[in-house]
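The task is simple: from the sequences and hints, build the whole structure.
These protein sequence lines map, in sequence, to chains A and B. If you count by full-length UniProt numbering, then the first sequence holds residues 1 to 330, one letter each, in order. If you count by full-length UniProt numbering, then the second sequence holds residues 1 to 330, one letter each, in order.
Note that these hints are calculated values from the structure, not bench results. Everything numeric in this text was worked out from a predicted model, so none of it was measured. Certain hints may be false.
Same chains, same label: a pair holds when it works inside one copy or across any pair of copies.
As the list claims (entries may be wrong) - The calculated lysine to aspartate or glutamate pairs, modelled on DMTMM-like cross-linking and capped at a C-alpha distance of 25 Å, are:
id: 1; residue 1: K199; residue 2: E233
id: 2; residue 1: K199; residue 2: E210
id: 3; residue 1: K199; residue 2: E31
There are 2 protein chains.
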Amino acid sequence: MRQLINVPETVVEEALRGVAAAHPDLTVDVENRIVLRGDAPVAGKVGLISGGGSGHEPLHGGFVGFGMLDAACPGEVFTSPVPDQMVRAAAAVDSGAGVLFIVKNYTGDVLNFQMAQEMAEDEGVQVASVLVADDVAVEDSTHTAGRRGTGATLFVEKIAGAAAQAGEPLERVEALARRVSESSRSFGVALSACSTPAKGGPTFDLPAGELELGIGIHGEPGRERRAMMTSGEIADFAVQTVLDDLRPEGPVLALVSGLGATPLLELYGFAGEVHRVLAERRVPVARTLVGNYVTSLDMAGASVTLCRADEEMLRLWDAPVATPGLRWGA
Amino acid sequence: MRQLINVPETVVEEALRGVAAAHPDLTVDVENRIVLRGDAPVAGKVGLISGGGSGHEPLHGGFVGFGMLDAACPGEVFTSPVPDQMVRAAAAVDSGAGVLFIVKNYTGDVLNFQMAQEMAEDEGVQVASVLVADDVAVEDSTHTAGRRGTGATLFVEKIAGAAAQAGEPLERVEALARRVSESSRSFGVALSACSTPAKGGPTFDLPAGELELGIGIHGEPGRERRAMMTSGEIADFAVQTVLDDLRPEGPVLALVSGLGATPLLELYGFAGEVHRVLAERRVPVARTLVGNYVTSLDMAGASVTLCRADEEMLRLWDAPVATPGLRWGA
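So this is what it looks like as structure tokens:
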């Protein structure tokens, strides 16, 4: 037990109180568990809403703000939010231009966002939805039919968020979000298990000296376990696996995300190895983001996400963003 | 062993290659271990230089850029950089307006920066220096005479960096940096030991179910060990200890920094508790920064840094900054 918490039951609520205290420009509805842009609804703007189980911060609550999400709905740790959260968020951010749900592909999330979509539409909100399913490690998994949604969610939220901020209509924001989602692939590697507040210790058993290739962000099993590999070997395996599926013919946008407990010192070394492999494969890297962005509590390890980036995506990637977790140009 | 590395001997060099790959706007001298603003030297601008042992990232290399540091000199993990690094950095960033060394109070750092100052002055660079010694946990420590330098370094680098960016002369930038340093206090708590690449495992023994109050960012002993406390109890102890020494009479600037492996979910909950204690003590919080900013590799735990902030400091805090680790308004 090395958790910095009071009691497991109130972890999400207490984190939201902290978000409210640290970010007065956001509106935090602690009781209903919604993080909102302080200026929502923004007139004429499509509202972007995402959410999912807690434990992956800064995803999603840390990506609420100018140029990215209008609202995030956190569930309990590693547990889907309930439809009522998304319905309330939709009502709060809709300015009449409609809302887009960005949904990671986990069975509970998919079902609850679908139900929320029907409920919000019944209340007169126009809702579109895009699924993120970028993890090439496995087909189907503990909580998923098909591929799991991981790092590409950040790309979708940033790029679609910039388009919505620029005043693009729902139909175009949705098409763009889908294009980014379909153009992205991820692969993650765990060097340790994560510990949930409820359990107070590792949620699965990963012996010292072993790693798990293709881990999910809730500790779902990956492809295989192996004896510890070097940073370079891991980059070879992860990037190769992503490229074999992605088959980029032009520049990529790269995210090298820590899973939570891997120091930035190591993460940058790994990012250097990822660049080495991409250079060997003659894949130009247009932009690189390195840090703890799509995490799994205190899991040690990292994931690589690549997106086949066209000029429009790169322009929107570079557009100003001002959220707690991602901020530039604003 | 759960490090994402190749071999311990090249960890710093490889991280610098990753920084170079991910941040084309920086100039990274991998061989001499210096991270520089890509546009250095900036005409007429005082150059800010910091450095120290690696393992505390994003401090310091992640704070190089517009509005903050002009150069950072990373040493080996938890080991001071050598004077030659700072001398080269000074030559590279000095535009004739002089340079300011920002030095955390560890014996090796202090000696090596002093030697570098003499050498750089011999080469005709005007050098001023400010010491950061904000950690109220202990007087003297494993690597320190007097108090250790920790989280306040970020405040000094950001606020003095904004003044330098605005064209203030060396004498004023130095005085401001000293004022911020002397107006800041920190206290850190470890819930686990950290693991260095060289050792491949915990560098000290902290039994499960215990925590160390007043830990140093290299795992130096703190004040005392206790049985595990709640987030609220830890906030009570840490904030109280800082306030007893700081005695603010107006608003404070607050940093709640993770030490590396504590999830953001928990860190925000802790930030909420820190705000609660400050409200109980009737200390207004002007700004709050929450995240992994001054770390100790993969140590679990957090530190609290408070600064008695006057209007000039807050104005400079809010000024645009564009670095890999801290970025807003630019």
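Evaluation of the provided hints:
In this assembly of identical chains, the alpha carbons of K199 and E233 lie at most 25 Å apart only when taken from different copies (21 Å versus 32 Å within one copy). In this assembly of identical chains, K199 and E210 lie within 25 Å of each other by CA distance both inside one copy and across copies; the values are 22 Å within and 17 Å between. Taking identical chains as interchangeable, the C-alpha atoms of K199 and E31 lie at most 25 Å apart only when both belong to the same chain, with a minimum of 24 Å there against 45 Å between chains.
The structure fails none of the hints (numbered hints given earlier).
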